[in-house]
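Novice: Sequence:
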Amino acid sequence: MQAPVEMSTVIQANLAAIGVKASLKTFEWGSYLGKIRAEAPAMFALSWFLKSEDPDLSMYPLFFSKNQPLPNRSNYNNPEVDQLLVQARQVADRGKRAELYKKAQRLIVEDAPWVFVDHEVQVVATRAAVKGFKLHPSGFDLRVERVTKE
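Its first residue numbered -11, the sequence shown is counted upward by one per residue in the numbering used here.
It is worth saying that the hints were derived from the structure and are not from the lab.
Take the hints with a grain of salt, since some may be wrong.
[Stated by the list, open to error] Each computed DSBU-like pair below joins lysine-lysine, with the alpha-carbon atoms no more than 35 Å apart: (1) K23 with K9; (2) K91 with K9; (3) K23 with K91; (4) K91 with K122; (5) K9 with K90; (6) K137 with K84; (7) K137 with K90; (8) K122 with K84; (9) K54 with K91; (10) K91 with K137; (11) K137 with K119; (12) K119 with K23; (13) K13 with K23; (14) K91 with K119.
Can you build the whole structure from these sequences, using the hints too?
Specialist: Okay, here's the thing in structure tokens:
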């Protein structure tokens, strides 16, 4: 998550604008994760990133109801989403899988178990002599096995 304190401050202000009071607390990372696991707070800020472009690697862990309390920290539970996620895991055809994940995604957005606030964009610069470099679709996995320098 980019600038979590600043982002949380904006969310706090937006909530205040509709009459919802929220206090903002910051913690050292290990303490923060421990509190989320132990206390199940009403609201918290976290991020998730993929090492693969396969939607199952984020949707199933985070939104399948039986994955509570971890990694489904929001305790999200929608039987229709569960059914779509299980079905998508059993389909080999990429187009059919994509449709199932899109349906699940629409339901998740409608249910709003999370407030999706940002998608980090990675920017990479290389010299002209560097050949074969491609940024992985996730933006976080730098694949260098085909990179050469002329």
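Novice: For the pair we were handed, K23 and K9, check the Cα-Cα distance against 35 Å.
Specialist: 20 Å, holds
Novice: Holds or violated: K137 with K119, Cα cutoff 35 Å?
Specialist: 6 Å, holds
Novice: Given the hint that K137 pairs with K84, test it: the Cα-Cα distance must not exceed 35 Å.
Specialist: 40 Å, violated
Novice: Below or equal to 35 Å on CA atoms is what counts here, so check K54 against K91.
Specialist: 19 Å, holds
Novice: Next pair to validate is K23 with K91; report whether the Cα-Cα distance is within 35 Å.
Specialist: With a Cα-Cα distance of about 33 Å, the restraint between K23 and K91 holds, given a limit of 35 Å.
Novice: Checking one constraint from the list: CA of K122 to CA of K84, max 35 Å. Satisfied?
Specialist: 27 Å, holds
Novice: Going straight from one Cα to the other, do K119 and K23 come out at no more than 35 Å?
Specialist: Violated, because 46 Å separates the two Cα atoms, which is more than 35 Å.
Novice: For K91 and K9, compute the direct alpha-carbon distance and say whether it is at most 35 Å.
Specialist: 33 Å, holds
Novice: Tell me if the straight-line CA distance from K91 to K137 falls inside 35 Å.
Specialist: 44 Å, violated
Novice: Would you check the hint for K91 and K122, treating anything up to 35 Å between C-alpha atoms as holding?
Specialist: 30 Å, holds
Novice: Can you confirm whether the C-alpha distance between K13 and K23 stays at or below 35 Å?
Specialist: 11 Å, holds
Novice: Starting from K137, check that the Cα of K90 is at most 35 Å away, please.
Specialist: Since the Cα atoms of K137 and K90 sit roughly 40 Å apart, the hinted pair is violated (cutoff 35 Å).
The structure does not agree with the numbered hints 6, 7, 10, 12 and 14 stated previously, though it agrees with the rest.
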